[in-house]
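Take these sequences, add in the hints, and give me the full structure.
What follows is the residue order along each chain.
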Amino acid sequence: MSDALRKVGGPVIALAAALALSSLIMLSFHASPMRALEALFQGALGSEQGVAETLVQTSALLFAGLGVAIAFRAGLFNIGAEGQLTVGGLCTALVGASLHLPAPIEIPLCLLAGAAGGAIWGGIAGFLRARFGASEVITTIMLNYVAFLGAGYLVSGPLRGDANAPETAPIAATAVLPPLLADTRLTAALPLAIALAFALAWWLRRSVAGYELRAVGSAERAARYAGVDAGRVIMQAMAMSGALAGLAGATEVLGLLHRFNAGLSPGYGFTSIAVALLGGSDPIGVIFSAFFFGALQNGALAMQALAGVPKDLVSIVEGLIILFMAARRFSKGPLFLRRPAATADVP
Amino acid sequence: MLVTAIAKVLPKKATPLIFASLGGVLSENAGVVNIALEGIMAGGAFAAVVTSYYTHSVALSLAVALLTGAALALVLAYFAIAQRANQIIVGMAINIFALGAAAYLVSAIFGQPGASPQVAGLRDESLLTWVAAAIVVALHIFLYRTRVGTHLRAVGEEPRAAATAGINVVAYRYAATMAGGALAALGGAYLSVGETDIYSDGMVAGRGFIALAAVIFGKWTPFGAAGACVFFAFFSSLQIVLQGANVPAQLLEMLPYLLTIVAIAGFIGRARPPASDGIAYEP
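Heads up: the protein sequence lines correspond to chains A and B, in order. Numbering follows this note's numbering, with no gaps: position 73 of the first sequence is 73. Numbering follows this note's numbering, with no gaps: position 156 of the second sequence is 156.
Since the hints were made in silico from the structure, they are not lab data. Being a predicted model, the structure only gives us computed values, none of them experimental.
Across the chosen pairs, the derived CB separations fall in these ranges:
#1 A:A262 x B:Y54: 32 to 38 Å
#2 B:P283 x A:D229: 31 to 37 Å
#3 A:H30 x B:A63: 24 to 30 Å
#4 A:G133 x B:A63: 39 to 45 Å
#5 A:Q49 x B:P283: 54 to 60 Å
Computed, partial: chain B to chain A, Cβ under 8 Å:
#6 Q83
#7 N86
#8 A93
#9 I94
#10 F97
#11 A108
#12 F209
#13 P248
#14 L251
#15 M254
#16 T260
#17 I264
#18 A265
#19 G266
C-beta: ideal position from N, C-alpha, C; glycine also.
If you want it as structure tokens, here you go:
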């Protein structure tokens with residue numbers, strides 16, 4: 001019982017502290033936190049359309065959040081989800097535009113292309129870390145910009161598929177992910193992401209590779225002595241992490257944009273860091289935190305329109321949640337529920 | 001022609017980067033990684049504009065920017081030092097928080113999202129370029145020629161040994177991080193009250209991360225980092241000067257990031273951070 005409480009206690013405290021602090025900010029600008037919360041809730045979950053749009057955001061955040069979480073479990077910081085998502089989305093758009101196969105073949109191939117693009121982008125950082133000891137924090141930050149600028153160059157130059165806007169050519173009709181519910185943008189991306197979360201949870205807990213990944217994450221040296229090839233595990237973890245972020249980009253392209261352009265992501269890759277942290281880097285926990293942030297981001301627009309609170313409040317809440325989750329004192333849960341010894345350094 | 005055009009743009013591009021990267025050099029030499037330079041620059045840029053908006057005093061706006069930077073860095077320092085939280089995560093949190101807060105406050109204060117109105121700014125921002133250059137030299141002398149500077153580097157290399165020698169590790173880390181934050185915020189203020197006289201969302205545009213790259217590229221030394229900033233600024237100036245000359249701008253802009261990856265992988269000499277950079281000190 002107390003084990004489950006422990007797991008949930010930290011995030012709940014971080015959440016409460018973040019909401020309390022942001023309420024203070026609202027109050028100091030004469031906005032009512034209650035009205036803001038009400039409007040946010042109304043926008044995020046108050047109508048079928050609202051729920052669908054919340055779930056659309058949840059899917060992207062879930063893919064990318066799972067990626068960041070897997071890296072965390074291996075003791076790695078993948079700050080590069082946004083770049084991996086960009087590369088994945090671009091690869092998907094290119095494959096989707098050039099192949100015209102029946103949907104049951106076309107869609108998996110497009111998803112695979114996105115995962116592969118992300119895996120390569122993440123894998124570069126993993127390789128540099130494993131081979132040269134280069135900090136993945138720095139390389140993923142730098143690779144983000146290489147991805148944004150590189151993609152920007154490609155779609156405004158060599159890969160431009162539209163005369164009027166810097167974007168690729170539209171994907172084939174058979175590559176489009178159809179909506180699950182009529183008149184919404186919700187696609188099969190969500191069930192796919194949830195299934196992946198369960199698969200990853202199983203993989204981490206039950207497979208040898210998952211065990212090795214966790215071993216390297218909690219005690220790299222000990223894992224090395226026990227015969228684990230830590231370099232291989234690091235590369236594999238970063239590639240997996242990148243592949244998951246790449247899938248976020250792929251499903252955005254196949255389900256929503258139907259092509260690649262600069263509007264691919266409103267910062268899902270960065271928010272996914274908060275998603276992974278709040279979810280305790282546990283795939284199942286990440287499902288819930290992705291939903292939370294999906295609702296938060298989607299409700300923010302209604303909050304701005306109905307309660308007059310700028311939508312950027314969401315970033316403030318997000319930053320505060322990350323901050324409180326980072327502090328061990330908070331993230332390990334209430335004092336009386338804490339384990340005797342803190343285990344890993346990385347969440 | 002090309003040379004004079006570049007010479008005109010280069011200082012404008014290099015100055016904010018130099019301030020921010022010197023901030024990074026200072027805190028990282030004391031053992032605190034500051035990846036929040038981007039957010040702190042935005043905080044400084046915004047604070048300067050708001051102060052100038054209400055007081056019409058540019059001097060005061062620069063002072064408030066410095067204080068804002070120190071305050072944001074204090075958050076990093078507190079969580080990194082007292083809470084022993086992971087510095088990368090705290091840095092990311094401050095980035096997201098500061099950029100979000102600035103955007104929120106622009107809407108809340110000026111009643112319109114996106115950008116502030118025009119405020120009183122520096123009449124001649126080249127003054128700040130000279131200040132930046134002076135700080136490069138001063139920081140070099142401080143770090144390598146003074147007792148306090150040597151102590152600071154000891155704190156970043158071997159905090160336990162430093163503590164044994166009677167150095168107050170915690171105090172040095174707090175001071176270095178906060179002073180570094182103040183410098184980064186001054187770089188942000190250069191962008192707002194120096195160059196454009198407004199604050200707009202996204203105006204820092206990754207400069208904080210380029211400054212972080214310059215810290216690494218410059219091997220954690222003031223002259224190295226400043227040199228890297230000038231080098232990186234050269235490419236962005238070139239891109240402005242060559243506008244319309246059919247040189248893909250994005251590829252030139254990409255260069256600093258690519259070079260940093262190459263540098264950190266060890267292909268250009270060895271880029272070695274201070275030994276205890278980013279590691280919490282547990283007495």
